[in-house]
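*Asks:* Construct all of the structure, not just a fragment, from the sequences and the given hints.
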Amino acid sequence: MIRGSKNKIKRFITILCTISMTFFGIGSFAYAQPTDPFADYMADNVEIVVADSAQQAAEAVPAENNEKFYKVDMTNGDVKTGNDETVKDGFEKLYGESYAESGLEDASKTKQKQQIEQMTSESEMYSLNQIEGNTAEVTSQFATCRLLVKTTNISNTYGALSGTQISGFCILKYADEKTTAEAYKALCKEFGTENVLKDMPIKGQDDLNESGLKGSETGTNWSYDYMEFKKAVDPLELRGNDVVVAVLDTGIMKSHKAFEGTYIKDGYNFVDVNTDVSDKNGHGTVSSSVIAQSTGMNVSILPVKVLDDNGDGSEVDLILGLNYAEEKGAIIANVSLGGSLDDEDLAAMETAFDGYSGIIIAAAGNSGYDVRNNNFWPAVSDRVISVSALKNTGNNTAAFDASYSNFGECIDYTAPGTGIYGAALDNTYTYKYYKGTSFASPHVAAAAALVMSNDKTIDTQSEMVAALNKISKDEGDAGFDIYCGNGCPILGNLTIKEPAPTETQPTTSAPVVTKPKVVVVNISNAKAYAASMTYTGKALKPLPSVSYGGKTLKNGTDYTVSYKNNKKVGKATVTITGKGNYKGTKSISFKVNPKGTSLKKISRSKKALTVKWKKQKTKMSTSRITGYHIQLATNSKFTANVKNVYVKGYSKKSKKIKKLKKKKKYYVRVRTYKTISGTKYYSNWSKVKSAKTK
Numbered sequence: 001m002i003r004g005s006k007n008k009i010k011r012f013i014t015i016l017c018t019i020s021m022t023f024f025g026i027g028s029f030a031y032a033q034p035t036d037p038f039a040d041y042m043a044d045n046v047e048i049v050v051a052d053s054a055q056q057a058a059e060a061v062p063a064e065n066n067e068k069f070y071k072v073d074m075t076n077g078d079v080k081t082g083n084d085e086t087v088k089d090g091f092e093k094l095y096g097e098s099y100a101e102s103g104l105e106d107a108s109k110t111k112q113k114q115q116i117e118q119m120t121s122e123s124e125m126y127s128l129n130q131i132e133g134n135t136a137e138v139t140s141q142f143a144t145c146r147l148l149v150k151t152t153n154i155s156n157t158y159g160a161l162s163g164t165q166i167s168g169f170c171i172l173k174y175a176d177e178k179t180t181a182e183a184y185k186a187l188c189k190e191f192g193t194e195n196v197l198k199d200m201p202i203k204g205q206d207d208l209n210e211s212g213l214k215g216s217e218t219g220t221n222w223s224y225d226y227m228e229f230k231k232a233v234d235p236l237e238l239r240g241n242d243v244v245v246a247v248l249d250t251g252i253m254k255s256h257k258a259f260e261g262t263y264i265k266d267g268y269n270f271v272d273v274n275t276d277v278s279d280k281n282g283h284g285t286v287s288s289s290v291i292a293q294s295t296g297m298n299v300s301i302l303p304v305k306v307l308d309d310n311g312d313g314s315e316v317d318l319i320l321g322l323n324y325a326e327e328k329g330a331i332i333a334n335v336s337l338g339g340s341l342d343d344e345d346l347a348a349m350e351t352a353f354d355g356y357s358g359i360i361i362a363a364a365g366n367s368g369y370d371v372r373n374n375n376f377w378p379a380v381s382d383r384v385i386s387v388s389a390l391k392n393t394g395n396n397t398a399a400f401d402a403s404y405s406n407f408g409e410c411i412d413y414t415a416p417g418t419g420i421y422g423a424a425l426d427n428t429y430t431y432k433y434y435k436g437t438s439f440a441s442p443h444v445a446a447a448a449a450l451v452m453s454n455d456k457t458i459d460t461q462s463e464m465v466a467a468l469n470k471i472s473k474d475e476g477d478a479g480f481d482i483y484c485g486n487g488c489p490i491l492g493n494l495t496i497k498e499p500a501p502t503e504t505q506p507t508t509s510a511p512v513v514t515k516p517k518v519v520v521v522n523i524s525n526a527k528a529y530a531a532s533m534t535y536t537g538k539a540l541k542p543l544p545s546v547s548y549g550g551k552t553l554k555n556g557t558d559y560t561v562s563y564k565n566n567k568k569v570g571k572a573t574v575t576i577t578g579k580g581n582y583k584g585t586k587s588i589s590f591k592v593n594p595k596g597t598s599l600k601k602i603s604r605s606k607k608a609l610t611v612k613w614k615k616q617k618t619k620m621s622t623s624r625i626t627g628y629h630i631q632l633a634t635n636s637k638f639t640a641n642v643k644n645v646y647v648k649g650y651s652k653k654s655k656k657i658k659k660l661k662k663k664k665k666y667y668v669r670v671r672t673y674k675t676i677s678g679t680k681y682y683s684n685w686s687k688v689k690s691a692k693t694k
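Numbering (our numbering), first residue to last: 1 to 694.
In short, the hints are calculated from the structure, not lab data. Incorrect hints may appear among the rest.
[What the hints assert, rightly or not] Derived lysine-lysine pairs resembling DSSO-like cross-links, with alpha carbons at most 30 Å apart: (1) LYS614 <-> LYS567; (2) LYS280 <-> LYS257; (3) LYS265 <-> LYS231; (4) LYS497 <-> LYS600.
[What the hints assert, rightly or not] Pair by pair, the computed Cβ-Cβ distance ranges are: (5) SER545 <-> GLN118: 40 to 50 Å; (6) THR275 <-> ALA347: 30 to 40 Å; (7) PHE480 <-> GLU59: 41 to 51 Å; (8) ASP78 <-> SER636: 33 to 43 Å; (9) ASP272 <-> LYS497: 41 to 51 Å; (10) LYS692 <-> LYS111: 52 to 62 Å.
For each residue, glycine too, the CB sits at the ideal point set by N, CA and C.
*Replies:* Structure follows, in structure tokens:
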């Protein structure tokens, strides 16, 4: 009896195990909790919108308006936002434990600093920006819920809600900060940390209004005389050599009298994704007024709003803003903003300027430290011209202002930054005195604009540096030094070129006609992309978009195209061959995605829905699909309680999905997919239908 009972028990356990393996082995593909934290996203992909402009890209992936910066009081654990509002349980949110558990309360200042540094370094969501006194400033690394990947071919977006491609980048938008952090790890594993960029927060520098100093419309800047702007403005402003300077900042107060005689272009707002570039902070208006007051009618300003009313922004908006400046013909960009990055993020940011071929002039920062030691970006980058600040020491002399200005080997030039007379937002005629490297930087931007107006052949950073070096006055120690760089540009040292003769000007002899030198460019260095296509059974030939140095190249004139593997679903290739002034070839790929399907009906049952769709036609067997992807969620944006179900087989046309919530409304959509060499190619989604479970 005992032996027989044991055998029965063994048979029962065997049967039970078999049932369990069947349920959790086969059914787990759709329902079981994955052990891999990214398994939910492995086949979840969104259509990447190829943007025709920076504006279109911004509209495709708008930033989430989450808090970017927090201030932690290390003496009592209070956490406040940038608006000085106390965050409930803020310490535990940032560090995963309460203030009482942290041990900071009874620690010395040195120990508190070390503890905060350690706790933040262990966090995947937050990073330490700086510590001043008893306050630690902490940055939320994924506040905007966006990531940027340096690639034009991304097959897995790891749960992104939307995506766009521009200038060789893919920008992805996610539902929340945690999902963004998880996707970041997965994308880094696939593409490498140097090619994946967190949309890290940046801010306009904490420039100070100098108390007690308030001016009227009659005031002038000491910098105007010190840098001898008048000697270049007077002979150049009627030349017609117009130069556009983009000011990437908090916007502009166009109606201010500081801008009389200066043409202000319409611009764009990348913070709110609209055309309203009005300034409610003041930082951008002051920066722009420095340029306006230092130049003539031949220099115009393009306001690009990348910082919000608190002076905060993000790196993706800055990148899009630079792309926008390129599109609008602004060959000079002033960026009086920045943020400290770790080495990992800094490596990724070095690719951020690929969409802009012009000259970027950046503020060195106002923390009084070495730019390179703190990786203060973008001033630390070799791709920008970095500017420190001078103060007025009287009798037409100036000196480096060590009370706030950053310094280091990254500094290229210095310029007046203390006691700067700039436009204020109080009304259309009020000015105030300001100080900060944010206002030293636009002085050099103004100087660069005049140098370029004098010589329009200058259009690269290296050429501009060479030209500025020729006119710069040595400041500080002899030669290059870490505080003043190569010195301060003095426009009185600029040799003004004679204007080219016009048709109405008499000439003593017939003009000598010389053929311009033709520069042949290798088209392999051009930027190019081709849009994804949908299978039709015929050879598909999307015309690629090709540009070089900001110029859009023309098919037939500058290049020709040929195609390969462009009929069946999968990866197709278009080869671009240079023509005329362009030589060489460049091959890029584009997707041929399968045809989609339509959602026919959803039947309800207890905690389940049966989804029916139109099956794939047999006549498409030459590019037959692998199966169907069904997606369910409890909201129409497909961000809540998302469930992905895959049904193999082109002839299938229905699927019952169980283990749903009782009496819950679900939104449902379906698409086809084909797996080729481990890569899934998806059709567009069907129209969404909804149904409520019983």
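*Asks:* Against this structure, judge whether each hint is valid.
*Replies:* A quick look at each hint next to the structure:
At roughly 23 Å between alpha-carbon atoms, LYS614 and LYS567 fall within 30 Å of each other, so this suggested pair holds. Taken as a hint, the LYS280 and LYS257 pair is honoured in the structure, with Cα atoms around 17 Å apart against an allowance of 30 Å. Distance restraint check for LYS265 and LYS231: the Cα-Cα separation of roughly 26 Å lies within the 30 Å cut-off, and the hinted pair is therefore satisfied. Restraint check: the Cα-Cα separation between LYS497 and LYS600 comes to about 73 Å, which exceeds 30 Å; the hinted pair is violated.
Remark: the range hint 40 to 50 Å for SER545 to GLN118 is upheld by a beta-carbon distance near 48 Å. Roughly 35 Å separates the CB atoms of THR275 and ALA347, a value that falls within the hinted 30 to 40 Å. Here the CB-CB span from PHE480 to GLU59 is close to 44 Å, well matched to the stated 41 to 51 Å. Taking 33 to 43 Å as the suggested C-beta distance range, the pair ASP78 and SER636 conforms, at roughly 39 Å.
Between ASP272 and LYS497 the C-beta distance comes to about 43 Å, which sits within the given range of 41 to 51 Å. A beta carbon spacing of about 57 Å between LYS692 and LYS111 agrees with the range 52 to 62 Å that was offered as a hint.
Of the numbered hints stated above, the single one contradicted by the structure is hint 4.
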